[in-house]
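*Asks:* Next come the chains, spelled out residue by residue.
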Amino acid sequence: MKRDSALRLLVLLLIDELKAILYFPLWWYSKGLLNVIKGCGNWINDFQQTLGFMIWVKNLFVPMFGQRDIPGRIISFFLRLVQIIFRGFIVLIFAILNLIFIICWIILPIFVLYQIYIQLF
Amino acid sequence: MENNSDNLQFLVCSACGGSGLVDRKKCKTCQGKGMTAYLDGYILFWGEKINTRFLRLYKLERFITKAVYIILFILGLFGIFCLGYAFYLDNFINILNLSFWQIKNPLLLIFWLSIFVDMYLVYYFALSAAAKEKVIVKKYKSINEKGIIAPPELDWQTIKKLGRKVDISKAFSEEAILIIEHAFDIAKKYSATEVGPVHFLIAALISSKNVQNMFMRLSIDFEDFALKISRVAAKYPQSDSEPFFNQNSIKILLKAYRNAYINRSEQVLSSDIVVESVKSDKLIQEVLTDLNITPEKVENVVLWYRIREILHKQWLIYRGSARLKSKTGIDRAMTALQTSFLNQFSEDLTLLAKSGYLPLCIGREKEFAEIFRILEGSSVKSVVLVGDAGVGKTAMVEGLAQKMIADDVPEFLQDKRLVSLSISQLLAGASISIAQERFYRCLNEIIMAGNVILFIDNLHDMIPELIEILTEALSKNAFIFIGSTNTEGYKNVIERSSVGSILKKIQINEPDINSAVQILEGKAGFIEAKNNIYFSYDALEQAVKLTDRYMHDQNLPYKALTLLEEVGVWAKNNLGANVMVSGNDVATLISEKLGVKAAEVTQSESEKLLKLEEIIHNRIIDQDEAVKAVANSLRRARAELRETKRPIANLLFLGPTGVGKTELAKVIAEVYFGSEENMIRLDMSEYQEKSSISRLIGAPPGYEGSSEGGQLTEAVRQKPFSIVLLDELEKAHPDILNLFLQVMDDGRLTDSTGRTIDFTNVILIATSNAQTSFIQEKVNAGVSLEEIKRQLLETELKQYFKLEFINRFDNIIIFKPLGLEEVIKISRLLLQQVAKNLEAKGINFQANEEAIVELANEGYDPQFGARPLRRAIQDKVDNALAQYLLTGKIGKRDLVILDKGGVIRVEKAKEL
Numbered sequence: 001m002k003r004d005s006a007l008r009l010l011v012l013l014l015i016d017e018l019k020a021i022l023y024f025p026l027w028w029y030s031k032g033l034l035n036v037i038k039g040c041g042n043w044i045n046d047f048q049q050t051l052g053f054m055i056w057v058k059n060l061f062v063p064m065f066g067q068r069d070i071p072g073r074i075i076s077f078f079l080r081l082v083q084i085i086f087r088g089f090i091v092l093i094f095a096i097l098n099l100i101f102i103i104c105w106i107i108l109p110i111f112v113l114y115q116i117y118i119q120l121f
Numbered sequence: 001m002e003n004n005s006d007n008l009q010f011l012v013c014s015a016c017g018g019s020g021l022v023d024r025k026k027c028k029t030c031q032g033k034g035m036t037a038y039l040d041g042y043i044l045f046w047g048e049k050i051n052t053r054f055l056r057l058y059k060l061e062r063f064i065t066k067a068v069y070i071i072l073f074i075l076g077l078f079g080i081f082c083l084g085y086a087f088y089l090d091n092f093i094n095i096l097n098l099s100f101w102q103i104k105n106p107l108l109l110i111f112w113l114s115i116f117v118d119m120y121l122v123y124y125f126a127l128s129a130a131a132k133e134k135v136i137v138k139k140y141k142s143i144n145e146k147g148i149i150a151p152p153e154l155d156w157q158t159i160k161k162l163g164r165k166v167d168i169s170k171a172f173s174e175e176a177i178l179i180i181e182h183a184f185d186i187a188k189k190y191s192a193t194e195v196g197p198v199h200f201l202i203a204a205l206i207s208s209k210n211v212q213n214m215f216m217r218l219s220i221d222f223e224d225f226a227l228k229i230s231r232v233a234a235k236y237p238q239s240d241s242e243p244f245f246n247q248n249s250i251k252i253l254l255k256a257y258r259n260a261y262i263n264r265s266e267q268v269l270s271s272d273i274v275v276e277s278v279k280s281d282k283l284i285q286e287v288l289t290d291l292n293i294t295p296e297k298v299e300n301v302v303l304w305y306r307i308r309e310i311l312h313k314q315w316l317i318y319r320g321s322a323r324l325k326s327k328t329g330i331d332r333a334m335t336a337l338q339t340s341f342l343n344q345f346s347e348d349l350t351l352l353a354k355s356g357y358l359p360l361c362i363g364r365e366k367e368f369a370e371i372f373r374i375l376e377g378s379s380v381k382s383v384v385l386v387g388d389a390g391v392g393k394t395a396m397v398e399g400l401a402q403k404m405i406a407d408d409v410p411e412f413l414q415d416k417r418l419v420s421l422s423i424s425q426l427l428a429g430a431s432i433s434i435a436q437e438r439f440y441r442c443l444n445e446i447i448m449a450g451n452v453i454l455f456i457d458n459l460h461d462m463i464p465e466l467i468e469i470l471t472e473a474l475s476k477n478a479f480i481f482i483g484s485t486n487t488e489g490y491k492n493v494i495e496r497s498s499v500g501s502i503l504k505k506i507q508i509n510e511p512d513i514n515s516a517v518q519i520l521e522g523k524a525g526f527i528e529a530k531n532n533i534y535f536s537y538d539a540l541e542q543a544v545k546l547t548d549r550y551m552h553d554q555n556l557p558y559k560a561l562t563l564l565e566e567v568g569v570w571a572k573n574n575l576g577a578n579v580m581v582s583g584n585d586v587a588t589l590i591s592e593k594l595g596v597k598a599a600e601v602t603q604s605e606s607e608k609l610l611k612l613e614e615i616i617h618n619r620i621i622d623q624d625e626a627v628k629a630v631a632n633s634l635r636r637a638r639a640e641l642r643e644t645k646r647p648i649a650n651l652l653f654l655g656p657t658g659v660g661k662t663e664l665a666k667v668i669a670e671v672y673f674g675s676e677e678n679m680i681r682l683d684m685s686e687y688q689e690k691s692s693i694s695r696l697i698g699a700p701p702g703y704e705g706s707s708e709g710g711q712l713t714e715a716v717r718q719k720p721f722s723i724v725l726l727d728e729l730e731k732a733h734p735d736i737l738n739l740f741l742q743v744m745d746d747g748r749l750t751d752s753t754g755r756t757i758d759f760t761n762v763i764l765i766a767t768s769n770a771q772t773s774f775i776q777e778k779v780n781a782g783v784s785l786e787e788i789k790r791q792l793l794e795t796e797l798k799q800y801f802k803l804e805f806i807n808r809f810d811n812i813i814i815f816k817p818l819g820l821e822e823v824i825k826i827s828r829l830l831l832q833q834v835a836k837n838l839e840a841k842g843i844n845f846q847a848n849e850e851a852i853v854e855l856a857n858e859g860y861d862p863q864f865g866a867r868p869l870r871r872a873i874q875d876k877v878d879n880a881l882a883q884y885l886l887t888g889k890i891g892k893r894d895l896v897i898l899d900k901g902g903v904i905r906v907e908k909a910k911e912l
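Going line by line, the protein sequences match chains Z and C.
Residue 95 in the numbering used here sits at position 95 of the first sequence, and the numbers go up by one each step.
Residue 732 in the numbering used here sits at position 732 of the second sequence, and the numbers go up by one each step.
Simulated from the structure, these hints should not be mistaken for laboratory data.
One thing to keep in mind: the hints can contain errors.
Said to hold, decoys possible - Some, not all, of what chain Z presents toward chain C, calculated at C-beta under 8 Å: (1) Leu9; (2) Val11; (3) Ile15; (4) Phe24; (5) Trp27; (6) Tyr29; (7) Ser30; (8) Gly32; (9) Gly41; (10) Gln48; (11) Gln49; (12) Gly52; (13) Val62; (14) Cys104.
What the hints assert, rightly or not - Pairs of lysine-lysine, DSS-like flavour, derived with a Cα cap of 25 Å: (15) Z/Lys58 with C/Lys325; (16) Z/Lys31 with C/Lys132; (17) C/Lys327 with Z/Lys58; (18) C/Lys28 with C/Lys165; (19) Z/Lys19 with C/Lys49.
Given the structure is predicted, the values throughout are model-derived calculations rather than measurements.
Positions of the beta carbon are idealized from the N, C-alpha and C atoms, including for glycine.
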């Protein structure tokens with residue numbers, strides 16, 4: 001009787017594992033993908049904050065170092081513009097790297113399947 | 001502190017009685033939930049089934065999960081190994097060639113398959129992470145909102161429609177789940193009918209390191225505790241069938257969840273279960289009470305661990321955000337200016353916080369909210385923190401710097417610098433006009449920079465010229481200013497000056513005992529690490545409670561913190577490394593420091609206390625009633641049975657002169673306060689004028705001698721643990737007696753400068769010769785002392801003291817006049833003293849009985865008690881001895897004998 005119930009437990013658990021395996025491909029392209037996109041988004045935002053990109057954008061028209069006279073404002077504007085372009089470029093590169101990662105995530109299963117196909121046939 | 005909506009409202013299914021099962025099938029009414037609780041709009045239930053079968057399942061599941069992880073990991077590694085081997089076989093030549101990858105190769109096939117395995121590993125990991133849920137996050141509510149959301153009337157029909165249903169079992173930490181399962185096993189071992197709180201507690205104690213540590217902090221004797229708790233477990237109802245989780249145990253789990261919810265922790269921890277188990281079982285509480293632990297103590301220790309955890313998290317956040325902050329003093333948008341001049345006289349607190357040099361600030365959320373509200377809302381952005389030294393004003397400002405680093409502040413404070421300007425540096429080596437100029441330049445830079453929040457500590461120390469400049473600058477409203485000052489400084493300097501009307505006052509009060517303990521809990525870790533010791537919870541609590549009680553001239557938490565630091569060093573030097581510092585260790589140290597009796601009564605001391613009468617009688621002859629009354633009040637005081645808001649005892653000694661009143665006071669000083677020196681003696685005959693009040697409590701400010709302080713107040717301030725002896729009280733002016741009304745009632749007195757002097761640790765003794773002849777007369781007539789006292793109180797004493805004054809004494813003690821017999825005994829005592837003095841010179845002294853009686857007769861005077869006796873001994877014995885000594889008639893080791901008729905005989909010692 002005891003052995004019987006232990007066996008039943010094992011069967012139950014195996015069924016659970018089987019279900020998990022079947023759910024795997026679906027998860028990869030639904031929840032899994034979503035997690036990756038969210039993670040990359042956070043990462044890019046974090047990187048952006050480290051560079052202070054948005055702060056520079058917000059203060060585009062604010063003179064630097066308290067130089068509130070006209071020449072000061074003009075110089076500030078262009079200096080900030082250069083900074084924003086430079087920083088924006090770095091953020092962009094980082095974002096592209098992240099995008100590549102997401103694309104990898106999407107094509108990885110298909111690519112691996114293709115490689116296995118090549119190896120087998 | 002909890003509001004109504006935080007309270008759980010339970011609903012138990014009547015169809016299944018809370019078990020969730022009817023005829024071994026899922027109950028239809030409650031859908032197997034059995035019992036739910038309503039919490040702030042959420043429906044909570046325990047979703048995990050626990051019985052032998054399921055426990056086995058869970059164990060198996062855990063095993064399989066672990067096994068799957070290991071297998072997947074090995075397969076993944078194997079794939080990479082195969083790839084590497086394929087490269088090796090190829091001699092790393094063609095690996096970048098497409099053809100290499102297209103040729104059929106079993107090693108590559110294995111590699112590609114292993115990639116799938118790796119992907120599955122990621123998936124498996126994500127799944128098990130998703131299976132855990134976090135405790136729902138408590139919403140912040142405004143004060144007005146509290147308690148409005150009254151829980152609705154619940155029944156199973158409404159529950160189906162109501163709010164979100166939360167299976168709390170998913171939010172329990174792994175350890176907590178193990179404890180619950182273990183509790184079931186333990187209940188089974190004890191063949192208990194139901195799983196109860198005691199099983200949770202035992203399981204937690206066995207399987208959780210954290211819980212073990214917590215109880216260690218309570219300095220518990222584990223063996224004793226285990227024995228007692230297993231006895232409690234044995235008392236639970238027993239049966240042969242499998243135990244089950246009854247309503248009470250599910251309630252404990254639901255309440256544990258609520259604890260985590262209120263404390264905003266992400267998971268329900270083992271400590272939450274322990275706290276609720278202790279709270280819900282009377283028997284456990286009794287066991288703990290027996291070990292000197294209350295449920296509150298358990299809760300506070302849990303809080304301690306939580307504070308440490310919170311501090312650690314806070315620290316991580318600070319460190320994480322600190323990297324974003326500027327090192328140069330320029331804001332991130334680079335709109336600010338450098339302040340090179342200001343930097344010479346100031347310290348950048350945000351920069352210090354960024355580098356991690358400032359200690360963390362604990363609590364004070366309410367005060368921070370007030371600062372933010374005032375700075376944000378009002379038109380003038382200047383506040384002053386008013387609080388006495390040591391309450392934590394500076395700690396708050398440093399805390400603000402850290403909050404700014406973590407951006408945990410309103411937007412207008414973000415990306416700014418908090419700069420502390422040092423007035424002493426401003427004034428150093430400069431005339432007033434130069435200091436003014438410096439201050440001007442600093443303020444100018446601050447305004448120009450635009451990102452500086454100025455902090456000036458101890459505003460009241462500023463010279464008026466600088467205050468004027470500050471006022472002018474603040475009225476322009478061009479920068480944010482935070483100042484700090486103490487209560488006295490605010491009243492005397494700030495409020496009276498022009499700046500007072502601009503600054504918004506924020507009162508920083510001394511934290512209460514519990515908050516102070518929490519602050520200490522946050523700081524204890526550093527002291528522990530520094531000295532390599534551990535504090536028990538009692539040590540922290542005692543540090544706060546004892547300093548609160550005995551050190552009135554400083555404030556919490558500072559005084560408790562400095563004491564704790566001292567205890568740390570003391571423990572390291574006296575107890576050694578890695579020891580647990582107990583509450584009594586703290587008490588011992590404070591006793592040594594202040595000369596009070598704060599430590600627990602030791603065996604020898606309690607013996608001494610029980611034999612107090614005997615000890616006093618070594619110096620006081622007869623006066624049994626008086627000695628007994630005094631001994632009793634000292635015992636009461638030492639056993640902590642007295643009111644702590646009054647002096648230890650207020651005693652009035654009545655009786656003729658020379659019967660031992662003052663002597664008894666001296667004995668008390670020696671017995672209770674350790675030395676006769678600890679006595680403040682005031683001869684009240686010197687205070688017969690009304691104007692002498694100013695001598696007692698100090699002259700008012702501006703008068704001559706105002707800086708010296710009062711003779712009474714200053715003495716008590718310096719020696720708060722002593723006897724205050726008021727000799728010949730009846731001679732004092734009635735207004736001065738009124739002054740003592742407050743002392744005797746409230747244990748405090750305000751001196752002329754407005755300082756409150758603490759009298760709660762003194763023994764107040766007044767002596768009086770009033771109505772001596774009445775006492776003598778009655779004693780001679782054979783009236784009992786009790787009766788004399790009654791008559792005195794009813795009639796005779798009223799002409800000297802007001803009734804309300806007499807009533808304030810705890811005890812009025814009548815000293816009876818001495819008879820010849822007592823005087824003989826006293827003579828013996830005094831001659832013993834003479835013998836002692838001679839012994840120090842190496843000379844032996846004896847007095848034979850007849851000589852003693854003769855001396856007593858000579859020194860006895862019914863009117864003056866034993867006072868003439870001292871004179872008699874001086875004349876007859878001391879004088880003669882002095883002559884003998886000076887003429888060299890007495891040598892060392894000689895025996896001097898006092899014979900009848902005052903004859904002094906010397907027996908020479910044998911030659912060596």
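*Asks:* Evaluate each hint against the coordinates.
*Replies:* Right, here's what the structure says about each hint:
1. Checking Z/Leu9 against chain C by beta carbon gives a least distance of about 5 Å; that is within 8 Å, so the hint holds.
2. The restraint placing Z/Val11 at the interface with chain C is violated, with a minimum CB-CB distance near 11 Å, outside the 8 Å limit.
3. Interface restraint check for Z/Ile15: the shortest CB-CB distance to chain C comes to about 12 Å, outside 8 Å, so the restraint is violated.
4. Because the smallest distance between the Cβ of Z/Phe24 and any Cβ of chain C comes to about 5 Å, under 8 Å, the interface hint for this residue holds.
5. Below 8 Å, beta-carbon pairs count as interface contacts, and Z/Trp27 has one with chain C at about 6 Å; its hint therefore holds.
6. For Z/Tyr29, the shortest C-beta to C-beta distance to chain C is roughly 11 Å, which exceeds 8 Å, and the interface hint is violated.
7. Because the smallest distance between the Cβ of Z/Ser30 and any Cβ of chain C comes to about 11 Å, over 8 Å, the interface hint for this residue is violated.
8. About 7 Å separates the beta-carbon of Z/Gly32 from the nearest beta-carbon of chain C, less than 8 Å, and the hint is met.
9. Restraint check, Z/Gly41 versus chain C: the minimum CB separation of about 17 Å is more than 8 Å; hint violated.
10. Evaluation of the Z/Gln48 hint against chain C yields a violated restraint, the C-beta minimum of about 11 Å exceeding 8 Å.
11. Taking 8 Å as the C-beta contact cut-off toward chain C, the hint placing Z/Gln49 at the interface holds, the least distance being around 6 Å.
12. This hint holds: Z/Gly52 has a C-beta 5 Å from the nearest C-beta of chain C, less than the 8 Å allowed.
13. Of the supplied interface hints, the one on Z/Val62 holds, with its beta-carbon coming within about 5 Å of a beta-carbon of chain C, less than 8 Å.
14. Because the closest C-beta pair between Z/Cys104 and chain C is about 12 Å apart, greater than 8 Å, the hint is violated.
15. Taken as a hint, the Z/Lys58 and C/Lys325 pair is honoured in the structure, with Cα atoms around 17 Å apart against an allowance of 25 Å.
16. For the given pair, Z/Lys31 sits about 16 Å from C/Lys132 by alpha-carbon distance, which is consistent with the 25 Å threshold.
17. Taking the CA atoms of C/Lys327 and Z/Lys58, the gap is near 21 Å; set against the 25 Å cutoff, the hint holds.
18. Of the supplied pair hints, the one linking C/Lys28 and C/Lys165 holds, its CA atoms being roughly 17 Å apart against a limit of 25 Å.
19. Restraint check for Z/Lys19 and C/Lys49: the C-alpha separation of about 21 Å stays at or below 25 Å, so the hint holds.
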